[in-house]
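Take a look at the letters that make up each chain.
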Amino acid sequence: MAESESVASINRRVFLKAAGVVTGAAVAGGIPGIVAAQKAPSFPKGTRLSILEWVSFVPASDVEFKRLAAEFGKLAGVEVTADLINMNDLNPRIASAIETKAGPDIIMMINNWPHLYADGLADVDDVAEEIAKRDGGFYDISRRINMVDGRWKAAPFTMGSGVWNYREDWFKEVGANKFPDTWDELRKVGTALKKKNLPIGQAFGHSLGDPNSWAYAVTWCFGATEIDDKGKVVINSKETIEALKFTVAFWKDCLDDGGLAWDDSNNNRAFLAGTISATINGASIYFVAKRQFPEIAKAMNHAHMPKGPAGRFYYQGGQAHGVMKYSKNQQVAKEFLRWFMDRPQYDKYIAANDGYVGGPTPYWEKHPLWEKDPKLVTFRDAPKFGRWTGYPGQPSRKASEALVKYILVDMYAQAIKGMKPEDAARWAEAELKKAYA
Amino acid sequence: MADQRIEPILAKSAASGASVIPAPIVVVAVPKLGRPKGLGHLLERENVLAGVLLAPTLVILTLFIAYPFVLGIWLAVSDKVVGRPGNFVGLHNFWVNLNDSIFLRAFQNTFVYTFIATILKLMLGMAAALLLNQHFRFKRIVRASMLLPWIVPTVLSTLAWQWMFDATFSVFNWMLMNAGIISQRILWLGDGTLAMGCLITVNVWRGMPFFAITLLAGLQTVNPDLHEAAEIDGANAWQRFWRVTLPLIKPIMLVVVLFSMIATFADFQLIYVLTRGGPYSSTHVFGTYAYEIAMRAAKLGQGASISLFLFPFLLMVIVFQLWYIRRGD
Chain A
1 MAESESVASI NRRVFLKAAG VVTGAAVAGG IPGIVAAQKA PSFPKGTRLS
51 ILEWVSFVPA SDVEFKRLAA EFGKLAGVEV TADLINMNDL NPRIASAIET
101 KAGPDIIMMI NNWPHLYADG LADVDDVAEE IAKRDGGFYD ISRRINMVDG
151 RWKAAPFTMG SGVWNYREDW FKEVGANKFP DTWDELRKVG TALKKKNLPI
201 GQAFGHSLGD PNSWAYAVTW CFGATEIDDK GKVVINSKET IEALKFTVAF
251 WKDCLDDGGL AWDDSNNNRA FLAGTISATI NGASIYFVAK RQFPEIAKAM
301 NHAHMPKGPA GRFYYQGGQA HGVMKYSKNQ QVAKEFLRWF MDRPQYDKYI
351 AANDGYVGGP TPYWEKHPLW EKDPKLVTFR DAPKFGRWTG YPGQPSRKAS
401 EALVKYILVD MYAQAIKGMK PEDAARWAEA ELKKAYA
Chain B
1 MADQRIEPIL AKSAASGASV IPAPIVVVAV PKLGRPKGLG HLLERENVLA
51 GVLLAPTLVI LTLFIAYPFV LGIWLAVSDK VVGRPGNFVG LHNFWVNLND
101 SIFLRAFQNT FVYTFIATIL KLMLGMAAAL LLNQHFRFKR IVRASMLLPW
151 IVPTVLSTLA WQWMFDATFS VFNWMLMNAG IISQRILWLG DGTLAMGCLI
201 TVNVWRGMPF FAITLLAGLQ TVNPDLHEAA EIDGANAWQR FWRVTLPLIK
251 PIMLVVVLFS MIATFADFQL IYVLTRGGPY SSTHVFGTYA YEIAMRAAKL
301 GQGASISLFL FPFLLMVIVF QLWYIRRGD
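Read top to bottom, the protein sequences are chains A and B. Just so we're aligned: 110 in our numbering is position 110 of the first sequence, and the numbers increase by one with no gaps anywhere. Just so we're aligned: 32 in our numbering is position 32 of the second sequence, and the numbers increase by one with no gaps anywhere.
Just so you know, the hints here were simulated from the structure itself, not pulled from any lab data. Even glycine gets a Cβ: it sits at the ideal position worked out from N, Cα and C. You may find that some hints are simply not true.
[Claimed, not checked] Computed footprint of chain B on chain A, listed as stretches where at least three residues anywhere in the stretch have a Cβ under 8 Å from a Cβ of chain B:
(1) 66-80
(2) 426-434
[Unchecked claim] FRET-style restraints, in silico, Cβ to Cβ:
(3) Gly90/B with Ala249/A: 45 to 55 Å
(4) Asp89/A with Gln184/B: 34 to 44 Å
(5) Asn88/A with Leu104/B: 21 to 31 Å
Only chain B is shown next, with the shape it has when bound in the complex:
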C-alpha cells in the first residue's frame, strides 16, 4: 500500500427483484492521495473503505430501486388518486382486483403469455444458438444481424407488426391468399385467442435473439474435447447435446430464462401498441390493465395493486432459480 492511488473500481449492483434493468455499473474514481494522513489513513481501514466504495451503489439502489418499490407498495395499499393524498386501505385494492373479471382475465393472460413465450424463446433460441455455433461463411455478420429484433425499439418494430396483422392490408393474408391457402382474410387481432397468439409471436420474435446470443456465448465455453471424447465413446449428436452440452450451459440458460420471464411478465409496450388489451379485454396483461386504471382513470392506488400482483410470483421464480443455480455450483 505504498502507493495510495486507488484504481477506479467497478461496483456492480445486484439486479433487484422486480426490476429488469441491467445492473448499473458505477465507476468510483478516488483522486490520488499523498501520504496516508487524515482521510487517507481512514481509508486504509478495510471496513471504512468498503463502506465508501459501497455507498454510491447503495445510494443509487435506494433512490432508483428501493424508493420506487416501497412507494409502489404504499400506493397499492392506499386509495390514492391523482391530486389527492391517499389513505391506507389495507388489502382492499387487492380484494377489488380479485372480484374484477377484467383483472382475472389479465391475470390468466399474463401467465399464458409469459410461459408460452418463454418456452418458445428458449427452444428457438437454443436451436439458433446451436446453428450459429457452427462454422460457416459470414458467421459474424449473421450473428450480429440476429440481434436486430432485440435492438430495434419495441414500439417501432411493433408498429411494423401492426401493419402485418392489419385487418385490411395484412401482408400475411396477401401471401396466404395468393398462395391459395386461404380464401378469406384472417383477422389476426380480431379474435381473443388469435390475438394472443399474435402477441406471443411478436414477443418471441423480439426476445429470441437475446436467448440465442446468450446461449451461444454459453456454448462457446464448452470444451470441444468433451464432445470429442463423447463421440469416441459412441454418443450420437442428440446424446452429446443432452448429456454434455446441456448440463454445462444449464446455469447460463437458467439465468436467461429468469431475465426473460421477468421482462415478459412485465411486458407493456408490445401489447399496448398492438391491441391495448382488446378485443373485449381478451389480451390485457397486468401491465396494460394497470396503465389504464392508474393513468387513464387516475386511480394510482388501484393501478399499483394490479402491478404488484406480479411481485410474489416473480419473487418465487427468482428465489427458486437462484437456489437451483447455487445448488448446481
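Chain A on its own, in the form it takes in the complex:
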C-alpha cells in the first residue's frame, strides 16, 4: 500500500509539472486573471461570495471544496461562504433564488439544468472557453448540457457516472471470467446467476438516478431515441420495441423482482448485503465496501455498460457551476471558478474525490488517481459514451419534462408489469408528444 501511494505521489508530481508547463503556455497565450497570475486576484474589502453546492457522496470531497473556497477567500480578500445541501433540495432553492433575484452567487447545476434555468444564469463563456483551451476541449456531453443557444450558461465542473458494479467471484462461478461486453451475453450470464439465487439488481421505481440509467441507456443501446435531432418524437419504433422486449426478458431471467419498488439506495444495500450479483451504480457501493465490507470490495469490480445493436451508451451525469444573473458579484464568482478549475487547485479536488467523479475534460483521464485503484478505471472512461436527456436533440426544458414525468422509466416498468411492448411504446409516444409539444 505504501509503495503504491509513493508511486502515486511521484506520478502526481510529474503530472503537476506537466500541468504547469501547459499553464505556462497559457500565460504566454495571454489568458487573463488568476490563471496567468497563479494567484487569486484582490477585490475591494468587504466583497462576499456565496456558493451553493450539493452534499457529495464522498465526504472528503466536500471538505476539500470548502478548504479550497476558504483558500480563495484568503488569497482574494473575499469572504466566501459555501453552503452544501441535499441534491434533491437544489431545484426549489434555485427556483426561489432566480424568482426573487436573491441568493447565492454561484449554484451547482446538475445534468441539463443550465437549459432549465438559462434565463437566470449569466454567461460564462470566458471561463468555460479558458478551461477548454487549457485542457484541449470538453467531453461532448459537457458542451451539450452546459451550452444554451451557443452560450455557456454554466462552467463544467465534474462528470459522474453510473457503471456496472458486479461480483467478480460469482460471475466466475457461472463461467464469466470478465463482465459481458454485450447485452445478450449479460442476459445469458444473468440467467445463470439468477438460477443460483444471485439475481442482478435494477430499480424501476421513481427515483432520480438508477431507473433512468437503465431506461435511457438501454433505449439508446438498441438504437432508439425519444426524439430525433430536430425534436420530433420517434420513440414508437421497432428499436424501442426490441429494447422493451429485451428488458422484459431480462427482468424475468436475470433481475431481482424487487426492482419496481426500489429507489436509488436499494441496490446499494442489496449489493452490500450480498443479495444481488450486479447493479448499475456510482462508486459509492465500492467506497462503502472498502470501509465496512473489505471482502466484498475485494470480490467486486466495475464494468462498462454492455453494447447493444447500436453501441455502448451511458445516461451520463454531469455537474457544473452557474453564475447567477442576479448576482452583483459575477466578476468575483467567475474569478473563483477560474481559480478553482485551474490545475493546482482542481488537481487536489479531483484527487479528494477518489474516482467518484471525473474531470469535465478528457485531460483529467491522465490524472494519477486513476492509477491508484484499477477497479475504478471504468469510471474514468464512461463519459466518452455519455449522452443526455433528449439525445440526439437538445437537453432542453422539454427533455426535463419528459424526465420528471419518468416517461421512459414508466414505459419499461409498465412492460415489466405485463403491458404489451407495442402498447408501452405507444403510451410513451403519446406522453412524449405532450412533453415535447
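Following the hints, put chain B in place on chain A, whose structure we already have.
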C-alpha cells in the same frame, strides 16, 4: 373606561380555505395610555378600535394567505417558467392537465387516498377515543403516547416505514415468513395498488391520533347523566353511542374530518418519501405531481394549475361542512 389600559387581545383568524395551517394567534399589546387625548380619544370610538385590533390579523392574512393564494391563481393561468415572466394563457394549463394521463391518474389517486384514509382515521380514531375515555391505570401516559405518531416529523417516521416496506429487508415480510404465513416476500411498494394501500396505511397511522385525541375531548364534554338516563331507559351500549354520544360530538367530528380531509388532500411528504409517485406513476397525487412539474421541470404555471385543481373541491367540502355544522347549531 376610566382605566385606559387595554389588555392584550387575542385575535384569532379564521383558517383560510385551502390552508391547513392552524389559525395564527396574534397578540396585540397596546401600551398603557394616560387620559383620553388624541390617539386615546380616537381609540374610544368603537369602529376605530375594531379597525386597529383587526389590522394585524388582516395584514398577516393578506401577506401570508391571500397574496400567495392570488399569486397561485395567477401562476395557474400563466405560462410562467422559472426565470421568465409569465404570459396569461387562460385555462390552457387546466386543459393540458385534463389531457395528461399521469395527471388523471394523480387526480383519481388523490380522491382514493383522501377518502379511504379519512374514513379509516375516523373509524379507528373514534374507537381509540372511546377506549381512552374509559378509566384505567396509566391513562394519562397512554393518552399522551397516542399522540406520538402525529408529533414525530413526517419525514422521519416515513423513513422508518420505508424500511418496514423495503423490498429486501422488510420487517413485515420477515415476520410473515417466520410465522409461516407467506413463502415469498411481498413487494409492498412494487405494485401500484399495494403501494397505494401502504401509503394509506402510513397516513392513517400518522393521522389517527389527531382524530382520537380531538374526539376524546368531545367525548369528555358529554354529560354522564345523559348516559345514565339512557341506560335506565334500557338503551344498550350501541344505542347509547349511536343515539346519545354521536349526536353530541357530531360538530367536533365534522370539524376534525374537515381538517383531516384538507390535510390529506394536500399531502406531499409521505408519498414523496415513500414512492415519489412510482411505480409507473401509480401513486402520484396532486402534491407530488405538481412538485415534479413546477420544481424539477421548472414549469411553475403548469405546476400551480395541478395544485389548484384541489381548490374547487376543497371549497365545496368546506362550504358543505360549515353549512352542516351551522344548521346543527
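Taking 8 Å as the C-beta cutoff, is the stated coverage of the segment 426-434 of chain A by chain B satisfied by three or more residues? That given contact holds, which follows from 4 residues of the segment 426-434 of chain A lying within Cβ reach (below 8 Å) of chain B.
Starting from the hint 21 to 31 Å, judge whether the C-beta atoms of Asn88/A and Leu104/B obey it. About 26 Å separates the Cβ atoms of Asn88/A and Leu104/B, which means 21 to 31 Å holds.
State whether the coverage of the segment 66-80 of chain A by chain B holds or is violated, taking the criterion as 3 or more residues with Cβ-Cβ distances under 8 Å. violated (count 0)
Quick check on a hinted range of 45 to 55 Å for Gly90/B and Ala249/A, using CB atoms only. holds (48 Å)
Within 34 to 44 Å or not, the Cβ separation of Asp89/A and Gln184/B? Given range 34 to 44 Å: holds, Cβ gap about 38 Å.
Of the numbered hints stated above, the single one contradicted by the structure is hint 1.
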